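Keeping their order, the protein sequence lines are chains A and B.
When we follow the working numbering, the leftmost residue of the first sequence carries the number 1, and every step to the right adds one.
When we follow the working numbering, the leftmost residue of the second sequence carries the number 1, and every step to the right adds one.
Careful, some of the hints might be misleading.
With a straight-line Cα cutoff of 25 angstroms, these simulated DSS-like cross-link-like pairs (lysine-lysine) come out [what the hints assert, rightly or not]:
{"hint": "1", "chain 1": "A", "residue 1": "Lys29", "chain 2": "B", "residue 2": "Lys282"}
{"hint": "2", "chain 1": "B", "residue 1": "Lys14", "chain 2": "B", "residue 2": "Lys190"}
{"hint": "3", "chain 1": "A", "residue 1": "Lys130", "chain 2": "B", "residue 2": "Lys83"}
{"hint": "4", "chain 1": "B", "residue 1": "Lys14", "chain 2": "A", "residue 2": "Lys130"}
The following label-pair restraints were derived from C-beta to C-beta distances [said to hold, decoys possible]:
{"hint": "5", "chain 1": "A", "residue 1": "Asp56", "chain 2": "B", "residue 2": "Ala74", "range": "15 to 21 angstroms"}
{"hint": "6", "chain 1": "B", "residue 1": "Glu186", "chain 2": "A", "residue 2": "Gln201", "range": "49 to 55 angstroms"}
{"hint": "7", "chain 1": "B", "residue 1": "Asp13", "chain 2": "A", "residue 2": "Gln201", "range": "24 to 30 angstroms"}
{"hint": "8", "chain 1": "B", "residue 1": "Pro235", "chain 2": "A", "residue 2": "Ser312", "range": "52 to 58 angstroms"}
{"hint": "9", "chain 1": "A", "residue 1": "Gln153", "chain 2": "B", "residue 2": "Asp242", "range": "54 to 60 angstroms"}
{"hint": "10", "chain 1": "A", "residue 1": "Ala38", "chain 2": "B", "residue 2": "Asp191", "range": "40 to 46 angstroms"}
{"hint": "11", "chain 1": "A", "residue 1": "Thr242", "chain 2": "B", "residue 2": "Asp13", "range": "48 to 54 angstroms"}
Since the hints were made in silico from the structure, they are not lab data.
Remember, predicted model here, so these are calculated numbers, not experimental data.
Cβ coordinates follow ideal geometry from the N, Cα and C atoms, glycine included.
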Amino acid sequence: MELLSPAGSLPALKAAVDEGADAIYLGLKDDTNARHFAGLNFTDKTMAQGVNYAHDRNRRVHVAVNTFAHPDRSQAWFDAVKKTHDMGADVLIASNIAVLEYAATHYPELELHLSVQAAATNVAAINFFKQFGISRVVLPRVLSYQQVANLAQDTDIELEVFAFGSLCIMAEGRCYLSSYMTGESPNTVGACSPAKFVRWQETDQGLESRLNDVLIDRFAEGENAGYPTLCKGRFNVEGEVTHALEEPTSLNTLSLLPQLNNIGISALKIEGRQRSPAYTRQVTKTWRKAIDAMKSHPDSFQVQKEWDQCLSALSEGSQTTLGAYERTWQ
Amino acid sequence: MEFSMGNIQFYWDKDTTCDFYQRVADSSVDHVYLGESVCSKRRELRLEDWLEVGRELTKKGKSVVLSSLALLEAKSELATLKKVCLNGELKVEANDFGAVEILSEAKIPFIAGAALNIYNQHDLKVLLDRGMQRWVIPVELSKDWLMNVLTGCEELGIREQIETEVYGYGYLPLAYSARCFTARSEDRPKDQCGLCCIKYPEGRKIDSQEGLELFLMNGIQTMSGSIQNLINDLPSMAGLVDIVRMSPHSLEVFDWLDKFQQALLDNTRIPLQGYCNGYWHKIEGMKSI
């Protein structure tokens with residue numbers, strides 16, 4: 001089982017490699033990937049350095065070209081595929097049919113993984129994308145553990161699951177809440193609840209977070225005020241002010257590790273290309289320890305308190321959940 | 001330009017649903033979408049019932065399409081999807097690439113629903129090759145985006161084969177989740193939801209703490225808090241859009257169908273308040289111009 005860590009920058013990539021990630025995933029410095037944030041991602045130069053650094057240490061580099069090609073400048077996505085290939089990256093992660101088809105026809109030897117943004121949740125959908133020669137599917141965070149296990153039995157394609165990080169509660173690639181409120185969505189610009197729309201304001205009623213002027217949350221003194229991701233705000237449902245969609249919390253599947261291994265999951269993905277190199281370092285280190293412990297003693301694996309503490313400290317709202325893996329969350 | 005009645009996205013009881021389709025049968029709508037696209041537990045009407053409704057509508061001269069589930073998680077849902085796709089009578093709207101796979105493997109032409117990620121001409125070309133007859137554009141796309149797609153289709157030599165449908169009126173489907181928000185709003189676990197969404201035939205409102213209508217919860221689906229209304233945008237659809245979809249949340253949809261058809265004839269602008277049309281104009285979906 002491979003540990004796949006996020007890198008939003010060259011220092012993060014090096015940290016992930018140093019702490020034992022088997023592979024690192026990254027994006028180019030444009031809107032061809034779903035973490036298109038200012039100051040993040042790789043130029044030609046840093047990508048070349050990153051690929052070298054990883055390859056010198058026998059680690060693999062995955063490049064996410066996982067937004068949807070715009071009709072009037074599809075070539076930018078095709079160029080990103082070419083760059084992924086020409087710079088010697090090991091894997092292309094894509095979701096858009098146009099991008100997948102381009103990669104399959106122009107670079108058939110390039111290993112192709114289906115991005116979570118393609119929202120393939122079932123074996124028929126996976127079979128649809130097989131026409132492009134994908135060897136792995138990154139599963140959306142909407143399946144219960146049992147559903148993941150069933151899928152692992154029903155398909156011969158490798159499965160990758162999210163193990164830790166910010167929790168997207170909607171089927172990925174099929175959520176337009178962000179564009180409804182800001183005009184920009186993960187699919188079209190590569191960002192959810194983009195930072196340029198965020199505004200913080202101290203008021204008599206508390207600290208307010210706004211996204212494109214819409215009040216997302218209001219925090220009392222001492223309350224942990226998180227980034228206003230719009231699905232994690234406190235809203236009014238017929239008089240009751242509540243986290244109507246989801247609370248600020250992160251996914252943490254440490255406790256599921258042996259089971260995920262048993263059903264043959266190929267890779268565990270750590271979310272967080274937008275986070276700091278320090279985040280990548282600590283999360284990678286913790287998961288490396290956990291995976292190694294599980295591999296050496298599969299029958300007596302227990303989550304160590306220090307691992308949980310470390311991961312909780314790096315989580316949104318310092319809270320973690322098993323998310324959709326657990327039926328009760330649903 | 002033709003008009004379609006989208007499938008009912010909310011959970012209505014059987015009598016209400018059947019009464020609704022009586023009205024649809026007598027309406028001037030050209031195309032009718034039927035069936036369940038949101039939650040597999042909603043079974044007031046079974047597949048056989050939908051097919052029966054479809055037969056009646058076909059007799060009345062409607063072109064009828066069976067909509068399929070957008071988010072498939074359980075194996076049982078996939079089994080149902082197969083039955084829907086292979087129903088042998090009605091055309092199917094594929095709302096997941098799983099449905100596209102089943103339909104194209106069986107060599108059955110299909111309609112690509114708005115829940116499929118189709119963003120450019122290259123996507124359309126692949127789907128045409130797999131048997132796509134029409135596409136419903138993703139709700140977040142603008143007129144400009146659509147124009148660019150269709151221009152791209154011309155360059156690929158496939159423009160003539162592309163039939164385009166746009167959500168013209170109704171709450172917009174914005175997201176799908178594993179979580180049932182309606183059950184959760186009643187403190188019920190999803191597995192013991194009691195099908196409580198049937199109590200909210202027009203969804204449950206999610207407002208900001210300042211009273212702005214943001215979203216609508218509809219089971220596992222999150223919809224727009226405002227109704228999108230493109231009645232004043234009909235002139236800008238000429239040459240781009242073949243079918244305008246009316247998505248029902250109440251019987252009001254019939255009044256609006258009449259108004260849309262009238263507007264098409266006499267080109268009058270209707271004063272609107274409380275509706276949105278931002279997506280069509282390449283701005284925030286919730287805004288109106």
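Check the following: the C-beta atoms of glutamine 153/A and aspartate 242/B are separated by a distance inside 54 to 60 angstroms. This hint is violated: roughly 43 angstroms between Cβ atoms.
Lysine 130/A and lysine 83/B were given as a pair; does the straight-line alpha-carbon distance stay at or below 25 angstroms? Between lysine 130/A and lysine 83/B the Cα gap is close to 22 angstroms, so the pair holds against 25 angstroms.
Could you tell me whether the CB distance from glutamate 186/B to glutamine 201/A stays inside 49 to 55 angstroms? Violated - the Cβ-Cβ distance for glutamate 186/B and glutamine 201/A, about 33 angstroms, lies outside 49 to 55 angstroms.
Hint check for aspartate 13/B and threonine 242/A - Cβ pair distance inside 48 to 54 angstroms: Taking Cβ atoms as reference, threonine 242/A and aspartate 13/B lie about 28 angstroms apart, which means the hint is violated.
Can you tell me whether the CB distance of alanine 38/A to aspartate 191/B sits inside 40 to 46 angstroms? holds, 42 angstroms
Does lysine 14/B pair with lysine 190/B here, judged by a C-alpha cut-off of 25 angstroms? Roughly 22 angstroms separates the two Cα atoms, so the pair holds.
Quick one: are aspartate 13/B and glutamine 201/A within 24 to 30 angstroms, going by C-beta? violated, 45 angstroms
Indicate whether the distance between the beta carbons of proline 235/B and serine 312/A respects the range 52 to 58 angstroms. holds, 56 angstroms
Kindly confirm whether 15 to 21 angstroms is satisfied by the beta carbon distance between aspartate 56/A and alanine 74/B. The hinted range 15 to 21 angstroms is violated for aspartate 56/A and alanine 74/B, with Cβ atoms some 45 angstroms apart.
Proposed proximity, lysine 282/B with lysine 29/A (alpha carbon, max 25 angstroms): holds, 24 angstroms
Hinted pair lysine 14/B and lysine 130/A, Cα distance within 25 angstroms: Given that 25 angstroms is the threshold and the Cα spacing comes to 39 angstroms, the pair is violated.
Hints 4, 5, 6, 7, 9 and 11 from the earlier list are contradicted by this structure; the remaining hints agree with it.
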